[in-house]
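All chains, full assembly: derive it from the sequences and hints.
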Amino acid sequence: MAEILYTQEYWRQLQKGNTDALSALYQLHYIGLINYGVKLTGDRDLANDCFINVLLELWDKRHTLPDVTNVRAYLITCLHRRILLEIRSDKRRNNSHREILPEEPSEVSYEAYLTALEGNDEFTRLLATAFRRLTQRQQQLLRMKFYENLDYDHIAQACGITKRTAYNIIHDALKQLKNELKGYEQATGLTIPTPTLLILGIYFLFQ
Amino acid sequence: MNYLRFKAEDLVMDESFQQYCSGTNPAAVRFWEQWLKEHPEKSELVKVAKTLYLRLNGGLDEDVFAAHHRQFSEVLAARGIRPGEQAPPAKVRRLKNGWGWYALAVASVLMLFMTTLWLQPERPAQQSTAPEDTRVAYVSKAGERKSFQLPDGTKVVLNASSTLYLEDSFNTGNRSLTLDGEAFFDVAQNASSPFVIHTTAMDITVLGTAFNVKAYRNDETNETALVRGLVKISLKSNDHQLLLHPNEKVIVPVGKTIIRKVKLISDNRQKIPEPAIDYAIASLTHIPHDTTAVELSWVDNRLIFADESFEEIARKLERWYDVEIRFESEALKQYRFTGNFNKENVQRVLEVLQLSRDFSFRFEDNHHLVLNQ
Chain A
1 MAEILYTQEY WRQLQKGNTD ALSALYQLHY IGLINYGVKL TGDRDLANDC
51 FINVLLELWD KRHTLPDVTN VRAYLITCLH RRILLEIRSD KRRNNSHREI
101 LPEEPSEVSY EAYLTALEGN DEFTRLLATA FRRLTQRQQQ LLRMKFYENL
151 DYDHIAQACG ITKRTAYNII HDALKQLKNE LKGYEQATGL TIPTPTLLIL
201 GIYFLFQ
Chain B
1 MNYLRFKAED LVMDESFQQY CSGTNPAAVR FWEQWLKEHP EKSELVKVAK
51 TLYLRLNGGL DEDVFAAHHR QFSEVLAARG IRPGEQAPPA KVRRLKNGWG
101 WYALAVASVL MLFMTTLWLQ PERPAQQSTA PEDTRVAYVS KAGERKSFQL
151 PDGTKVVLNA SSTLYLEDSF NTGNRSLTLD GEAFFDVAQN ASSPFVIHTT
201 AMDITVLGTA FNVKAYRNDE TNETALVRGL VKISLKSNDH QLLLHPNEKV
251 IVPVGKTIIR KVKLISDNRQ KIPEPAIDYA IASLTHIPHD TTAVELSWVD
301 NRLIFADESF EEIARKLERW YDVEIRFESE ALKQYRFTGN FNKENVQRVL
351 EVLQLSRDFS FRFEDNHHLV LNQ
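Order-wise, the sequence lines are chains A and B. Counting from 1, position 59 in the first sequence corresponds to residue 59 in full-length UniProt numbering; the numbering is continuous, with no gaps. Counting from 1, position 284 in the second sequence corresponds to residue 284 in full-length UniProt numbering; the numbering is continuous, with no gaps.
None of these hints come from the bench; they were simulated from the model. Here a beta-carbon is modelled for each residue, glycine too, at the ideal position from N, C-alpha and C. A few of these clues could be false.
[Unchecked claim] DSSO-like cross-link-like pairs, simulated, lysine-lysine; straight-line CA separation at most 30 Å:
#: 1; chain 1: B; residue 1: 155; chain 2: B; residue 2: 141
#: 2; chain 1: B; residue 1: 146; chain 2: A; residue 2: 175
#: 3; chain 1: A; residue 1: 182; chain 2: B; residue 2: 42
#: 4; chain 1: A; residue 1: 61; chain 2: A; residue 2: 16
#: 5; chain 1: A; residue 1: 16; chain 2: B; residue 2: 146
#: 6; chain 1: B; residue 1: 37; chain 2: A; residue 2: 163
#: 7; chain 1: A; residue 1: 163; chain 2: A; residue 2: 175
#: 8; chain 1: A; residue 1: 175; chain 2: B; residue 2: 236
#: 9; chain 1: B; residue 1: 47; chain 2: A; residue 2: 178
#: 10; chain 1: B; residue 1: 47; chain 2: A; residue 2: 182
#: 11; chain 1: B; residue 1: 42; chain 2: A; residue 2: 175
#: 12; chain 1: B; residue 1: 37; chain 2: A; residue 2: 175
#: 13; chain 1: B; residue 1: 333; chain 2: B; residue 2: 232
#: 14; chain 1: B; residue 1: 155; chain 2: A; residue 2: 16
#: 15; chain 1: B; residue 1: 42; chain 2: B; residue 2: 343
[To be verified] These stretches of chain A come out as covered by chain B in the derived footprint (C-beta under 8 Å, 3 or more residues):
#: 16; segment: 13-25
#: 17; segment: 67-81
#: 18; segment: 172-182
Spelled out as structure tokens, the structure:
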């Protein structure tokens, strides 16, 4: 609730032409929006480019922006549109002979990513295995909370459960993951492999 | 928040910890870096939690964010959009016909209403601000405490029975607010926009720092206690200005109270005016076997009295437990106590105080207490 209130306040400030509100919206929605873009394009930097462009567009239109109750949903819609636009113009440049363009960007490339990554480092494989052992519900809520960066109000509403329940499910899931990874951590000191990519994000896609 | 008892999964679920891992909130990053410095034994735990969180959020760590954010800033700069600025008003004024202003007024009243509603879920009917006051207000009732973040990223913990008003111009280059009550601030750094807190007796100007302000309307003094950074104090009574250093506090009387019994911490500080005492500077109070200063203990949910009169203590108890306390004996008000309480109820606190001095108390009902000799 608190977060919703802040983000609405920033929206109001953006309409008034406050440049700090623009930065605040970027920081506050960065994780949710970038991951949404990654899901569509598989390219984190492209997702960032598109997110920045969306904010610039909003800035240019700030005097005619509607009052929005769900800022996040509004931003997601803008980003989705922007990415489709980007992909189409890209395709047009590269294969100008191809007449029919797909309506939705393809998500197949993720499977390739997944298999390519899984063999790469021990920790990723272990985490993937641990993650698969979680229940569907646990996996879903972890995705919503950390990958999509939704707040508990949204999660509770979307899943038809109370905030308390959502909180407990996530807490238990994290505890389970931690315990399953404990052996690895003690054996090797848990060096963080540079998170080259988003193994879990890819799992989340298949939910 | 007592993070010392947190396990890895608790850290992963903490919003400020998440912001520290992803680097998306400078205030959170500073807080956790400082915390790690103070608790080096927690570094392994933090590492586990951080690794787990960064996998779950899709690998968006501080480096990724920093690179992306730099790009964002560059694009803004290229377009001539500078942070901390208010863009000139639109060329087409849509508000000419009067309806726009009406809508704006409705929106701000709605905003205020929602804030009040959010801060006072149990008693929505209680209106704490005057109807014509359109400022955003954060309100806490007696016996409750709120922590939240201001739009600029500043972290605030609001103690019981307190109200914090955001001036309308907050975030448009002028971070100005008014406090009635007590709050702890960890101010987000923004050199182009000073952070100013107004209280009855003083104004406090800040550039990125952590400190406590105690300015209850019904207390005899206003206090500011500094943990780190530097703040400038301007006294309302005589325009006098002074700088406050870490681990110091300034005490300013409200009205005509005379300051007594303050411990001056250094001799080279000769600023204290002799004839009429306007203010006093003292070091933060520490009690034995405790690292947290007494002035800040409430943030950790602990109730501490350090050689305070029963009258002062009663006022603290009233706010802390949402009770009203009446003295049937004047002499009782002068009793002095020192004590440290963690999560006890008001009855238990009084029972413990009874161990050191003889007095009696009774409940008239849930909210009214009477003290006698």
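Structure-based check of each hint:
1. B/155 to B/141: Holds, because 19 Å separates the two Cα atoms, which is no more than 30 Å.
2. B/146 to A/175: Judged against 30 Å, a Cα distance of about 28 Å means the pair holds.
3. A/182 to B/42: Within the cut-off at roughly 16 Å; holds.
4. A/61 to A/16: 11 Å, holds
5. A/16 to B/146: 28 Å, holds
6. B/37 to A/163: 34 Å, violated
7. A/163 to A/175: With Cα atoms ~18 Å apart, residue 163 of chain A and residue 175 of chain A stay inside 30 Å; holds.
8. A/175 to B/236: 53 Å, violated
9. B/47 to A/178: 12 Å, holds
10. B/47 to A/182: OK: residue 47 of chain B and residue 182 of chain A at ~12 Å, within 30 Å.
11. B/42 to A/175: 18 Å, holds
12. B/37 to A/175: 26 Å, holds
13. B/333 to B/232: Given pair residue 333 of chain B, residue 232 of chain B is violated - Cα atoms ~35 Å apart, limit 30 Å.
14. B/155 to A/16: 24 Å, holds
15. B/42 to B/343: The given pair, whose Cα atoms are some 25 Å apart, holds under the 30 Å limit.
16. 13-25: holds (count 10)
17. 67-81: The restraint on the segment 67-81 of chain A is violated, since only 1 of its residues have a Cβ under 8 Å from chain B and three are required.
18. 172-182: holds (count 5)
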